[in-house]
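S.K.: Protein chains in written order, with my numbering: chain A, 1 to 218; chain B, 1 to 283.
Simulated from the structure, these hints should not be mistaken for lab results.
Think of the CB as a built atom: it goes at the ideal place given N, C-alpha and C, for glycine as much as any other residue.
Careful, some of the hints might be misleading.
[Stated by the list, open to error] Chain A stretches covered by chain B per the calculated footprint, using a threshold of three residues with CB under 8 Å from any CB of chain B:
hint : region
1    : 5-15
2    : 48-58
3    : 103-112
4    : 162-172
5    : 195-201
[Unchecked claim] Not the full set, but computed from the structure, chain A residues with beta-carbon under 10 Å of chain B:
hint : residue
6    : H2
7    : F86
8    : I98
9    : V187
[Unchecked claim] Over the 10 Å line for every Cβ pair with chain A, so calculated as not near, a few chain B residues:
hint : residue
10   : Y6
11   : G14
12   : T16
13   : L25
14   : S63
15   : R73
16   : Y104
17   : L188
18   : K246
19   : P247
20   : T249
21   : M254
22   : V257
23   : V261
24   : F262
25   : I264
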Amino acid sequence: MHIPDAFLPLPQAALYWVIACIFIIFALRWSRSEMSEENIPLIAVLAAGIFAIQAFNLPIGMGTSGHLIGGALAAIVLGSPYAGIFVLTIVLIIQGIIFGDGGITSMGANIINMGVIGGFVGYYGYIGLKKITNQIYLSAGIAAWAACFIAALACALELAVAGTFPLIPGMVAMGVYHAVIGVIEGVITAGALYLIIQARPDMVPEKVKSIIKKDNNM
Amino acid sequence: MIEEIYAIETLAMGTTWVHRLDARLKIILVFAIIIVMVSCPIRPEVWISGLIAMIPCAVLWLSAKFPLGTYARRLFLILPFGLFVIVFQVFYPNQLFESVTILYSLPLVFFSISIYAESLLFAQILLVKFLVCISYIILLSSTTTMQDLLIGGRRLGLPAEMTLVIGLMVRYLFVAAGMFQRVQNMFLVRFFSPLATHLPYRYRLSVLAYATGTLFLRSYEQGERVYMSMLCRGYGKDSYLHVSNKPFTKQEWMFVVCSLVFCIGVMVLQFIGTEIMYTMNFA
Chain A
1 MHIPDAFLPL PQAALYWVIA CIFIIFALRW SRSEMSEENI PLIAVLAAGI
51 FAIQAFNLPI GMGTSGHLIG GALAAIVLGS PYAGIFVLTI VLIIQGIIFG
101 DGGITSMGAN IINMGVIGGF VGYYGYIGLK KITNQIYLSA GIAAWAACFI
151 AALACALELA VAGTFPLIPG MVAMGVYHAV IGVIEGVITA GALYLIIQAR
201 PDMVPEKVKS IIKKDNNM
Chain B
1 MIEEIYAIET LAMGTTWVHR LDARLKIILV FAIIIVMVSC PIRPEVWISG
51 LIAMIPCAVL WLSAKFPLGT YARRLFLILP FGLFVIVFQV FYPNQLFESV
101 TILYSLPLVF FSISIYAESL LFAQILLVKF LVCISYIILL SSTTTMQDLL
151 IGGRRLGLPA EMTLVIGLMV RYLFVAAGMF QRVQNMFLVR FFSPLATHLP
201 YRYRLSVLAY ATGTLFLRSY EQGERVYMSM LCRGYGKDSY LHVSNKPFTK
251 QEWMFVVCSL VFCIGVMVLQ FIGTEIMYTM NFA
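Whenever a hint applies, use it, and build me the whole structure from the sequences.
M.R.: Listed below in structure tokens is the structure:
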């Protein structure tokens, strides 16, 4: 899903960069105010961990493998969409400049797809679904699936606007492929969230893990 | 991807003059070339400027005493997504061109697959631009250590906050790579593979989910320790990574000017070449 350089014309790439920068500034501001202290270092080290998590080969079936994005997981566990943006932005910068995955001009678009969409859809999808279904892990799974799927559609849309790939076939190809990967992403996110809540309940904010207890006495 | 980090950093620790070159110079050259290549108009002649733009890359790569195989291996790891878009391109009419001509049509039972001439052309142009951009990024990351890149970026005006964050991330990237490697070894000694089909699917997913959760927890706790130790050493909200100023020497200015002139030259050449070809065609 990493759009490489030259796949987006320069003016469009610049526009995506501007939008991405606005969200990066918001994310930096969030990490200064919302987190308990000035613990930007913590998020930076966590980003390195997310990078390692992305390296796991996930079995999709029929011998193919995929990789986790992890934006939704970071956003849910840290309790803010900006966490997803923050972590994914750093990861994408390193991926673009050191590994060549994704590009320099197109990095803004990639940050929007995976960080911004991943963070917002992942977090608010989770909170919304949790209110409706009252189930933590199911909501986390579906939210992570949606974050992966919608990010893929956004990527196809950007390529279509750029004239690089036609809209409908791009949507179908990217959509189907990531709908399948998204299921795995959802399952892994839910499983990882289960482990994290069991092992370090103090780490997860109350608004994330709380569910409304039904009163049985009434 | 993170497994390659040691290999890339080992390459970047070389001692040739390309490695010793100030990181800022390499960053300026690479970014300028990429911007020029991305902004090249969609014309069939783009391969000429692509070829010219590759000359400094090849010279620097060979001066860094790297074999071509290393370049090919790194290129191969990056290609998949871009190549997918480029290859499947040719089966659909491209919206940038008004008229489309079918180059080749392959009838199947229910539908037919056609290859469009314009789309094939567009795919070629895209491939040229893509390869040049990727080659320069490979060159940059293979000849410059991450710490140098970071300091170079800071000197070129990367915000201090981002420098601190990325600097920490880069430093702990190697710790994370080690953690990942240990988890992989642990899988290996227990004969577990995520792609092993003889194991139940559910079981493989649960193992992977717990490994993911564990890595998340471990890096979070690593982050907590780092943060605590930084606090002990006087870290506060106004602390930044200190990077001393270092003005360019005369030779370095020459390099910057030369690379920018080269980039502008490639751009101008592109326009002039295209114009000449078109006037010749119309004449």
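S.K.: Hints first: check each against the structure and report whether it holds.
M.R.: Verification of the hints:
{"no.": "1", "hint": "5-15", "in the structure": "holds (count 7)"}
{"no.": "2", "hint": "48-58", "in the structure": "holds (count 11)"}
{"no.": "3", "hint": "103-112", "in the structure": "holds (count 3)"}
{"no.": "4", "hint": "162-172", "in the structure": "holds (count 5)"}
{"no.": "5", "hint": "195-201", "in the structure": "holds (count 4)"}
{"no.": "6", "hint": "H2", "in the structure": "6 Å, holds"}
{"no.": "7", "hint": "F86", "in the structure": "8 Å, holds"}
{"no.": "8", "hint": "I98", "in the structure": "5 Å, holds"}
{"no.": "9", "hint": "V187", "in the structure": "5 Å, holds"}
{"no.": "10", "hint": "Y6", "in the structure": "12 Å, holds"}
{"no.": "11", "hint": "G14", "in the structure": "16 Å, holds"}
{"no.": "12", "hint": "T16", "in the structure": "19 Å, holds"}
{"no.": "13", "hint": "L25", "in the structure": "16 Å, holds"}
{"no.": "14", "hint": "S63", "in the structure": "20 Å, holds"}
{"no.": "15", "hint": "R73", "in the structure": "12 Å, holds"}
{"no.": "16", "hint": "Y104", "in the structure": "18 Å, holds"}
{"no.": "17", "hint": "L188", "in the structure": "13 Å, holds"}
{"no.": "18", "hint": "K246", "in the structure": "21 Å, holds"}
{"no.": "19", "hint": "P247", "in the structure": "24 Å, holds"}
{"no.": "20", "hint": "T249", "in the structure": "25 Å, holds"}
{"no.": "21", "hint": "M254", "in the structure": "25 Å, holds"}
{"no.": "22", "hint": "V257", "in the structure": "22 Å, holds"}
{"no.": "23", "hint": "V261", "in the structure": "20 Å, holds"}
{"no.": "24", "hint": "F262", "in the structure": "18 Å, holds"}
{"no.": "25", "hint": "I264", "in the structure": "15 Å, holds"}
Comparing the model with each numbered hint stated earlier shows that all of them hold.
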